[in-house]
Amino acid sequence: MNRGKSLFLVIVLLFFCATAWAETIKIGAVVSVTGAASFLGEPQKNTLLQLQDLTNAKGGMDGRQVELIIYDDESDVNKCVMAARKLLDQDQVAVVIGPSISGNTLAITRFFSSAQVPLISCAAAEKIVFPVNPWIFNTPQLDRHAALKILQDAKVKGYTKLAILTVSDGYGQAGRAVLKELAKAQGFDLVADEVYSPKDTDMTSQLTKIKGVSPEAIICWGTNPGPAVVARNRMQLGLTIPLYMSHGVASDKFIELAGEAAEGLVLPAGRLTAVDQVPDDHPQKTVITDYVANYSQKFNAPISSFGGYAHDAFLLVHEAVTKGGSANPEDIRDNLEKISALPGTSGIYSYSPDNHNGLDEDAFIMVIIENGTWKVVP
1 MNRGKSLFLV IVLLFFCATA WAETIKIGAV VSVTGAASFL GEPQKNTLLQ
51 LQDLTNAKGG MDGRQVELII YDDESDVNKC VMAARKLLDQ DQVAVVIGPS
101 ISGNTLAITR FFSSAQVPLI SCAAAEKIVF PVNPWIFNTP QLDRHAALKI
151 LQDAKVKGYT KLAILTVSDG YGQAGRAVLK ELAKAQGFDL VADEVYSPKD
201 TDMTSQLTKI KGVSPEAIIC WGTNPGPAVV ARNRMQLGLT IPLYMSHGVA
251 SDKFIELAGE AAEGLVLPAG RLTAVDQVPD DHPQKTVITD YVANYSQKFN
301 APISSFGGYA HDAFLLVHEA VTKGGSANPE DIRDNLEKIS ALPGTSGIYS
351 YSPDNHNGLD EDAFIMVIIE NGTWKVVP
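Residues in the sequence shown are numbered consecutively from 1, following this note's numbering.
Worth double-checking, as some hints may not be accurate.
[What the hints assert, rightly or not] With a Cα cut of at most 27 Å, we get these calculated DSSO-like pairs of lysine-lysine:
| # | residue 1 | residue 2 |
| --- | --- | --- |
| 1 | K338 | K58 |
| 2 | K157 | K211 |
| 3 | K298 | K58 |
| 4 | K180 | K155 |
| 5 | K184 | K161 |
| 6 | K58 | K323 |
| 7 | K298 | K285 |
| 8 | K127 | K86 |
| 9 | K79 | K26 |
| 10 | K127 | K199 |
[To be verified] Per label pair, the in silico range of CB-to-CB distance:
| # | residue 1 | residue 2 | range |
| --- | --- | --- | --- |
| 11 | T204 | D334 | 48 to 58 Å |
| 12 | V195 | N56 | 39 to 49 Å |
| 13 | D89 | D276 | 40 to 50 Å |
| 14 | N56 | K209 | 46 to 56 Å |
Please keep in mind that the hints were generated in silico from the structure rather than gathered at the bench. Keep in mind that this is a model prediction, so the values were computed, not measured. For glycine and all other residues, C-beta sits at the position ideal for the given N, C-alpha and C.
Using the sequences and the accompanying hints, generate a full structural model.
Take a look at the structure:
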(Lines of atoms letter the chains of each structure in order from A and count residues from 1; the text may use other names and numbers.)
(Lines give C-alpha, C1' and ligand atoms only; values in the text may rest on other atoms or scores of the structure.)
Protein backbone atom coordinates (compact mmCIF):
# COMPACT_ATOMS: atom_id res chain seq x y z
CA MET A 1 0.00 0.00 0.00
CA ASN A 2 2.76 2.39 0.98
CA ARG A 3 4.69 1.54 -2.16
CA GLY A 4 1.57 2.21 -4.19
CA LYS A 5 1.06 5.59 -2.54
CA SER A 6 4.71 6.47 -3.08
CA LEU A 7 4.48 5.60 -6.76
CA PHE A 8 1.32 7.69 -7.07
CA LEU A 9 3.03 10.67 -5.45
CA VAL A 10 6.02 10.37 -7.78
CA ILE A 11 3.73 10.32 -10.80
CA VAL A 12 1.83 13.37 -9.51
CA LEU A 13 5.07 15.28 -8.88
CA LEU A 14 6.39 14.43 -12.33
CA PHE A 15 3.11 15.58 -13.85
CA PHE A 16 3.21 18.94 -12.09
CA CYS A 17 6.90 19.46 -12.92
CA ALA A 18 6.24 18.68 -16.57
CA THR A 19 3.23 21.01 -16.57
CA ALA A 20 5.24 23.85 -15.02
CA TRP A 21 8.03 23.31 -17.58
CA ALA A 22 5.47 23.38 -20.38
CA GLU A 23 3.76 26.56 -19.14
CA THR A 24 6.85 28.71 -18.57
CA ILE A 25 10.36 29.13 -19.87
CA LYS A 26 12.95 30.60 -17.53
CA ILE A 27 15.38 32.87 -19.34
CA GLY A 28 18.29 34.21 -17.34
CA ALA A 29 20.30 37.34 -18.04
CA VAL A 30 23.43 38.82 -16.51
CA VAL A 31 24.19 42.33 -17.75
CA SER A 32 26.10 45.39 -16.53
CA VAL A 33 23.24 47.64 -15.43
CA THR A 34 25.56 49.63 -13.15
CA GLY A 35 29.29 50.30 -13.05
CA ALA A 36 31.65 51.31 -15.83
CA ALA A 37 29.76 49.37 -18.52
CA SER A 38 26.28 50.57 -17.57
CA PHE A 39 25.95 52.22 -20.98
CA LEU A 40 25.91 48.65 -22.32
CA GLY A 41 23.86 46.91 -19.67
CA GLU A 42 21.10 49.39 -18.93
CA PRO A 43 19.62 49.37 -22.46
CA GLN A 44 20.06 45.60 -22.51
CA LYS A 45 18.06 45.18 -19.30
CA ASN A 46 15.35 47.55 -20.56
CA THR A 47 15.18 45.75 -23.89
CA LEU A 48 14.83 42.31 -22.32
CA LEU A 49 12.11 43.41 -19.90
CA GLN A 50 10.16 44.99 -22.71
CA LEU A 51 10.49 41.92 -24.92
CA GLN A 52 9.32 39.72 -22.05
CA ASP A 53 6.16 41.83 -21.69
CA LEU A 54 5.50 42.01 -25.44
CA THR A 55 6.06 38.28 -25.88
CA ASN A 56 3.86 37.24 -22.97
CA ALA A 57 1.09 39.59 -24.14
CA LYS A 58 1.09 37.71 -27.44
CA GLY A 59 0.92 34.26 -25.84
CA GLY A 60 4.57 33.66 -24.98
CA MET A 61 7.08 31.43 -26.72
CA ASP A 62 5.32 28.47 -28.31
CA GLY A 63 2.56 28.83 -25.74
CA ARG A 64 4.96 29.19 -22.79
CA GLN A 65 5.03 32.34 -20.70
CA VAL A 66 8.51 33.85 -20.35
CA GLU A 67 9.93 34.25 -16.85
CA LEU A 68 12.94 36.55 -17.13
CA ILE A 69 15.49 36.56 -14.31
CA ILE A 70 18.02 39.41 -14.61
CA TYR A 71 21.10 40.00 -12.48
CA ASP A 72 23.33 43.08 -12.56
CA ASP A 73 27.02 42.14 -12.47
CA GLU A 74 27.89 45.80 -11.77
CA SER A 75 30.54 45.57 -14.52
CA ASP A 76 32.58 43.35 -12.17
CA VAL A 77 33.91 39.97 -13.27
CA ASN A 78 33.63 38.37 -9.84
CA LYS A 79 30.01 39.43 -9.46
CA CYS A 80 29.36 38.16 -12.97
CA VAL A 81 30.67 34.73 -11.97
CA MET A 82 28.42 34.69 -8.91
CA ALA A 83 25.39 35.72 -10.95
CA ALA A 84 26.04 33.08 -13.59
CA ARG A 85 26.35 30.33 -11.01
CA LYS A 86 23.15 31.47 -9.31
CA LEU A 87 21.25 31.36 -12.60
CA LEU A 88 22.48 27.84 -13.26
CA ASP A 89 22.45 26.30 -9.79
CA GLN A 90 19.56 28.06 -8.08
CA ASP A 91 17.26 29.47 -10.74
CA GLN A 92 17.57 26.50 -13.12
CA VAL A 93 17.17 28.62 -16.25
CA ALA A 94 16.89 27.11 -19.72
CA VAL A 95 19.14 29.67 -21.43
CA VAL A 96 21.09 32.79 -20.43
CA ILE A 97 21.52 36.10 -22.28
CA GLY A 98 24.66 38.18 -21.61
CA PRO A 99 27.03 39.23 -20.20
CA SER A 100 27.56 42.72 -21.60
CA ILE A 101 31.38 42.61 -21.43
CA SER A 102 33.83 40.32 -23.26
CA GLY A 103 36.03 39.72 -20.21
CA ASN A 104 33.03 38.80 -18.07
CA THR A 105 31.76 36.44 -20.75
CA LEU A 106 35.08 34.63 -21.06
CA ALA A 107 35.16 34.19 -17.27
CA ILE A 108 31.91 32.20 -17.17
CA THR A 109 31.78 30.09 -20.34
CA ARG A 110 33.15 27.03 -18.56
CA PHE A 111 30.16 26.96 -16.20
CA PHE A 112 27.74 26.75 -19.11
CA SER A 113 29.73 24.01 -20.79
CA SER A 114 29.62 22.03 -17.56
CA ALA A 115 25.91 22.67 -16.91
CA GLN A 116 25.04 22.15 -20.60
CA VAL A 117 22.94 25.30 -20.75
CA PRO A 118 23.25 27.67 -23.74
CA LEU A 119 24.70 31.14 -23.23
CA ILE A 120 24.09 33.89 -25.79
CA SER A 121 26.59 36.65 -25.05
CA CYS A 122 26.06 40.33 -25.85
CA ALA A 123 29.84 40.86 -26.08
CA ALA A 124 31.93 40.92 -29.23
CA ALA A 125 35.35 39.37 -28.58
CA GLU A 126 36.20 36.74 -31.17
CA LYS A 127 37.46 34.34 -28.49
CA ILE A 128 33.90 33.98 -27.19
CA VAL A 129 32.86 31.93 -30.21
CA PHE A 130 36.14 30.86 -31.83
CA PRO A 131 37.00 28.10 -31.44
CA VAL A 132 33.38 27.01 -31.23
CA ASN A 133 32.11 25.94 -27.82
CA PRO A 134 28.92 23.87 -28.28
CA TRP A 135 27.08 25.87 -25.61
CA ILE A 136 28.29 29.44 -26.27
CA PHE A 137 26.84 31.85 -28.85
CA ASN A 138 26.96 35.64 -29.29
CA THR A 139 25.05 38.35 -31.14
CA PRO A 140 27.38 41.33 -31.80
CA GLN A 141 29.18 41.66 -35.07
CA LEU A 142 32.65 40.15 -34.85
CA ASP A 143 35.75 42.21 -34.15
CA ARG A 144 37.26 40.65 -37.26
CA HIS A 145 34.50 42.00 -39.47
CA ALA A 146 34.78 45.45 -37.89
CA ALA A 147 38.54 45.50 -38.42
CA LEU A 148 38.12 44.42 -42.03
CA LYS A 149 35.67 47.26 -42.66
CA ILE A 150 38.08 49.80 -41.19
CA LEU A 151 41.04 48.47 -43.15
CA GLN A 152 39.04 48.42 -46.38
CA ASP A 153 38.16 52.07 -45.88
CA ALA A 154 41.80 52.88 -45.09
CA LYS A 155 42.94 51.11 -48.24
CA VAL A 156 40.43 52.98 -50.40
CA LYS A 157 41.75 56.25 -48.97
CA GLY A 158 45.32 55.26 -49.76
CA TYR A 159 46.60 54.95 -46.20
CA THR A 160 49.53 52.58 -45.73
CA LYS A 161 50.97 53.57 -42.32
CA LEU A 162 48.65 52.92 -39.38
CA ALA A 163 48.77 53.34 -35.61
CA ILE A 164 46.54 51.48 -33.17
CA LEU A 165 45.45 52.60 -29.71
CA THR A 166 43.55 49.94 -27.77
CA VAL A 167 42.11 49.52 -24.28
CA SER A 168 43.68 46.85 -22.07
CA ASP A 169 40.43 45.04 -21.20
CA GLY A 170 39.06 41.90 -22.90
CA TYR A 171 37.40 43.82 -25.72
CA GLY A 172 40.52 45.85 -26.44
CA GLN A 173 42.88 42.89 -26.27
CA ALA A 174 40.73 40.99 -28.75
CA GLY A 175 40.58 43.98 -31.09
CA ARG A 176 44.32 44.58 -30.84
CA ALA A 177 45.08 40.98 -31.79
CA VAL A 178 42.81 40.96 -34.83
CA LEU A 179 43.98 44.41 -36.00
CA LYS A 180 47.62 43.34 -35.87
CA GLU A 181 46.85 40.12 -37.71
CA LEU A 182 44.76 41.68 -40.48
CA ALA A 183 46.88 44.81 -40.94
CA LYS A 184 49.93 42.65 -41.56
CA ALA A 185 48.03 40.32 -43.89
CA GLN A 186 46.79 43.25 -45.96
CA GLY A 187 50.18 44.91 -46.28
CA PHE A 188 49.77 47.85 -43.91
CA ASP A 189 52.75 49.18 -41.98
CA LEU A 190 51.81 49.26 -38.28
CA VAL A 191 54.04 52.06 -37.00
CA ALA A 192 52.61 52.37 -33.47
CA ASP A 193 50.89 50.02 -31.04
CA GLU A 194 49.77 51.89 -27.91
CA VAL A 195 47.55 50.70 -25.05
CA TYR A 196 45.54 52.50 -22.36
CA SER A 197 43.76 51.35 -19.19
CA PRO A 198 39.94 51.43 -18.91
CA LYS A 199 40.33 53.86 -15.99
CA ASP A 200 42.72 56.26 -17.76
CA THR A 201 41.40 59.81 -18.04
CA ASP A 202 44.13 61.23 -20.27
CA MET A 203 45.71 59.69 -23.38
CA THR A 204 47.91 62.59 -24.48
CA SER A 205 51.03 60.55 -23.76
CA GLN A 206 50.01 57.76 -26.13
CA LEU A 207 48.84 60.22 -28.77
CA THR A 208 52.09 62.19 -28.55
CA LYS A 209 54.08 59.01 -29.15
CA ILE A 210 51.84 58.18 -32.10
CA LYS A 211 52.30 61.66 -33.55
CA GLY A 212 56.07 61.14 -33.43
CA VAL A 213 55.95 58.23 -35.91
CA SER A 214 53.71 60.04 -38.41
CA PRO A 215 50.99 57.48 -39.21
CA GLU A 216 48.46 58.26 -41.91
CA ALA A 217 45.56 57.11 -39.71
CA ILE A 218 44.90 56.00 -36.13
CA ILE A 219 42.55 53.20 -35.12
CA CYS A 220 41.19 53.45 -31.57
CA TRP A 221 39.59 50.30 -30.16
CA GLY A 222 37.60 50.50 -26.95
CA THR A 223 34.26 51.28 -25.34
CA ASN A 224 33.16 54.44 -23.56
CA PRO A 225 34.45 56.52 -21.94
CA GLY A 226 38.03 55.88 -23.14
CA PRO A 227 37.54 56.54 -26.86
CA ALA A 228 35.80 59.84 -26.09
CA VAL A 229 38.87 60.86 -24.07
CA VAL A 230 41.07 59.91 -27.04
CA ALA A 231 38.95 62.04 -29.36
CA ARG A 232 39.06 65.05 -27.03
CA ASN A 233 42.83 64.70 -26.43
CA ARG A 234 43.41 64.49 -30.18
CA MET A 235 41.61 67.79 -30.64
CA GLN A 236 43.46 69.38 -27.71
CA LEU A 237 46.80 68.37 -29.23
CA GLY A 238 45.78 69.78 -32.59
CA LEU A 239 46.25 66.44 -34.33
CA THR A 240 44.77 66.19 -37.81
CA ILE A 241 45.64 62.53 -38.35
CA PRO A 242 42.39 60.73 -39.34
CA LEU A 243 40.94 58.76 -36.43
CA TYR A 244 38.88 55.58 -36.77
CA MET A 245 36.81 54.22 -33.89
CA SER A 246 35.57 50.67 -33.37
CA HIS A 247 31.96 49.52 -33.23
CA GLY A 248 32.32 49.66 -29.44
CA VAL A 249 31.26 53.32 -29.48
CA ALA A 250 28.33 53.06 -31.88
CA SER A 251 25.83 54.91 -29.71
CA ASP A 252 24.72 58.49 -29.14
CA LYS A 253 26.44 58.35 -25.76
CA PHE A 254 29.82 58.53 -27.50
CA ILE A 255 28.83 61.70 -29.35
CA GLU A 256 27.61 63.17 -26.06
CA LEU A 257 30.89 62.32 -24.28
CA ALA A 258 33.22 63.41 -27.08
CA GLY A 259 31.30 66.55 -28.00
CA GLU A 260 32.71 68.48 -30.93
CA ALA A 261 35.75 66.17 -30.94
CA ALA A 262 33.50 63.43 -32.37
CA GLU A 263 32.97 65.40 -35.57
CA GLY A 264 34.32 63.64 -38.65
CA LEU A 265 35.20 60.37 -36.95
CA VAL A 266 34.53 57.20 -38.94
CA LEU A 267 33.65 53.74 -37.65
CA PRO A 268 31.89 50.49 -38.52
CA ALA A 269 28.39 50.14 -37.04
CA GLY A 270 25.25 48.10 -37.40
CA ARG A 271 22.32 49.49 -39.38
CA LEU A 272 20.49 50.22 -36.13
CA THR A 273 22.77 53.23 -35.70
CA ALA A 274 21.45 54.88 -38.86
CA VAL A 275 18.03 53.27 -39.22
CA ASP A 276 16.53 56.23 -41.08
CA GLN A 277 19.08 55.65 -43.86
CA VAL A 278 18.39 51.91 -44.26
CA PRO A 279 16.46 51.16 -47.50
CA ASP A 280 12.83 50.13 -46.92
CA ASP A 281 13.34 46.85 -48.77
CA HIS A 282 16.30 45.75 -46.63
CA PRO A 283 15.50 42.57 -44.61
CA GLN A 284 16.47 44.26 -41.32
CA LYS A 285 14.36 47.39 -41.79
CA THR A 286 11.14 46.15 -40.16
CA VAL A 287 12.91 44.53 -37.20
CA ILE A 288 14.92 47.67 -36.51
CA THR A 289 12.06 50.15 -36.91
CA ASP A 290 9.80 48.07 -34.63
CA TYR A 291 12.49 47.92 -31.96
CA VAL A 292 13.19 51.65 -32.18
CA ALA A 293 9.49 52.53 -31.98
CA ASN A 294 8.72 50.21 -29.05
CA TYR A 295 11.82 51.15 -27.04
CA SER A 296 11.48 54.90 -27.60
CA GLN A 297 7.82 54.86 -26.64
CA LYS A 298 8.33 52.90 -23.41
CA PHE A 299 11.58 54.41 -22.13
CA ASN A 300 11.62 57.82 -23.83
CA ALA A 301 15.30 57.25 -24.55
CA PRO A 302 17.40 56.75 -27.68
CA ILE A 303 18.19 53.21 -28.74
CA SER A 304 21.73 51.86 -29.08
CA SER A 305 23.37 48.94 -30.80
CA PHE A 306 24.14 47.54 -27.34
CA GLY A 307 20.47 47.16 -26.50
CA GLY A 308 20.13 45.65 -29.96
CA TYR A 309 22.50 42.84 -29.02
CA ALA A 310 20.13 41.81 -26.22
CA HIS A 311 17.14 42.20 -28.54
CA ASP A 312 18.69 39.81 -31.02
CA ALA A 313 19.61 37.29 -28.32
CA PHE A 314 15.98 37.22 -27.15
CA LEU A 315 14.82 36.97 -30.78
CA LEU A 316 17.11 33.99 -31.37
CA VAL A 317 15.82 32.21 -28.25
CA HIS A 318 12.25 32.87 -29.41
CA GLU A 319 13.03 31.41 -32.82
CA ALA A 320 14.74 28.33 -31.37
CA VAL A 321 11.93 27.59 -28.89
CA THR A 322 9.10 28.32 -31.32
CA LYS A 323 10.49 26.41 -34.28
CA GLY A 324 11.82 23.57 -32.14
CA GLY A 325 8.79 23.29 -29.89
CA SER A 326 10.90 22.72 -26.78
CA ALA A 327 12.20 24.75 -23.84
CA ASN A 328 14.74 22.10 -22.87
CA PRO A 329 18.27 23.60 -22.77
CA GLU A 330 19.76 20.96 -25.06
CA ASP A 331 16.94 21.36 -27.58
CA ILE A 332 17.31 25.14 -27.50
CA ARG A 333 21.02 24.73 -28.23
CA ASP A 334 20.35 22.34 -31.11
CA ASN A 335 17.68 24.57 -32.61
CA LEU A 336 19.84 27.68 -32.34
CA GLU A 337 22.30 25.95 -34.66
CA LYS A 338 19.50 25.46 -37.21
CA ILE A 339 18.59 29.15 -37.47
CA SER A 340 19.18 30.52 -40.96
CA ALA A 341 18.74 33.99 -42.47
CA LEU A 342 16.95 35.47 -39.43
CA PRO A 343 16.95 39.30 -39.57
CA GLY A 344 17.88 41.04 -36.33
CA THR A 345 18.90 44.55 -35.39
CA SER A 346 22.61 43.74 -35.74
CA GLY A 347 22.52 41.70 -38.92
CA ILE A 348 21.05 38.59 -40.52
CA TYR A 349 21.82 35.52 -38.42
CA SER A 350 22.70 32.07 -39.76
CA TYR A 351 24.05 29.86 -37.00
CA SER A 352 25.50 26.40 -37.58
CA PRO A 353 27.51 23.80 -35.63
CA ASP A 354 30.65 25.56 -36.93
CA ASN A 355 29.49 29.17 -36.54
CA HIS A 356 28.01 30.48 -33.29
CA ASN A 357 28.15 34.16 -34.28
CA GLY A 358 26.06 33.83 -37.39
CA LEU A 359 26.90 37.19 -38.96
CA ASP A 360 29.18 38.22 -41.80
CA GLU A 361 30.92 41.41 -42.86
CA ASP A 362 27.71 42.76 -44.40
CA ALA A 363 26.31 43.23 -40.89
CA PHE A 364 28.41 46.42 -40.76
CA ILE A 365 28.12 49.71 -42.57
CA MET A 366 30.67 52.51 -42.29
CA VAL A 367 29.34 55.66 -40.66
CA ILE A 368 30.73 59.14 -40.09
CA ILE A 369 29.70 61.62 -37.40
CA GLU A 370 28.50 64.85 -39.01
CA ASN A 371 26.84 67.68 -37.11
CA GLY A 372 26.40 65.42 -34.12
CA THR A 373 24.55 62.69 -36.00
CA TRP A 374 25.37 59.44 -37.76
CA LYS A 375 25.66 59.44 -41.54
CA VAL A 376 26.28 56.41 -43.74
CA VAL A 377 29.55 56.68 -45.65
CA PRO A 378 28.68 56.42 -49.37
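Task: Outcome of range test on Cβ distance (V195, N56; 39 to 49 Å) - done: About 45 Å separates the Cβ atoms of V195 and N56, which means 39 to 49 Å holds.
Open item on the list: For a C-alpha distance cap of 27 Å, please report whether K127 and K86 respect it.
Closed with: 24 Å, holds
- [ ] Given the hint that K127 pairs with K199, test it: the Cα-Cα distance must not exceed 27 Å.
- [x] 23 Å, holds
TODO: Assess, step by step, whether the Cα of K79 is no farther than 27 Å from the Cα of K26, and give holds or violated.
DONE: OK: K79 and K26 at ~21 Å, within 27 Å.
Task: Proposed proximity, K285 with K298 (alpha carbon, max 27 Å) - done: The given pair, whose Cα atoms are some 20 Å apart, holds under the 27 Å limit.
- [ ] Take the C-alpha atoms of K58 and K323, compute the straight-line distance between them, and say whether it is at most 27 Å.
- [x] The given pair, whose Cα atoms are some 16 Å apart, holds under the 27 Å limit.
- [ ] Below or equal to 27 Å on CA atoms is what counts here, so check K298 against K58.
- [x] Within the cut-off at roughly 17 Å; holds.
Open item on the list: Next pair to validate is K180 with K155; report whether the Cα-Cα distance is within 27 Å.
Closed with: Answer holds: K180 to K155 is near 15 Å, not above 27 Å.
TODO: Below or equal to 27 Å on CA atoms is what counts here, so check K184 against K161.
DONE: 11 Å, holds
Task: Assessment of proposed distance window 48 to 58 Å (beta carbons of T204, D334) - done: 52 Å, holds
Task: Distance restraint between K157 and K211, which requires alpha-carbon spacing of 27 Å or less - done: 19 Å, holds
Open item on the list: Just to be careful, I want the Cα atoms of K338 and K58 compared with a cutoff of 27 Å; is the pair within it?
Closed with: 24 Å, holds
The earlier numbered hints are all upheld by this structure, with none contradicted.
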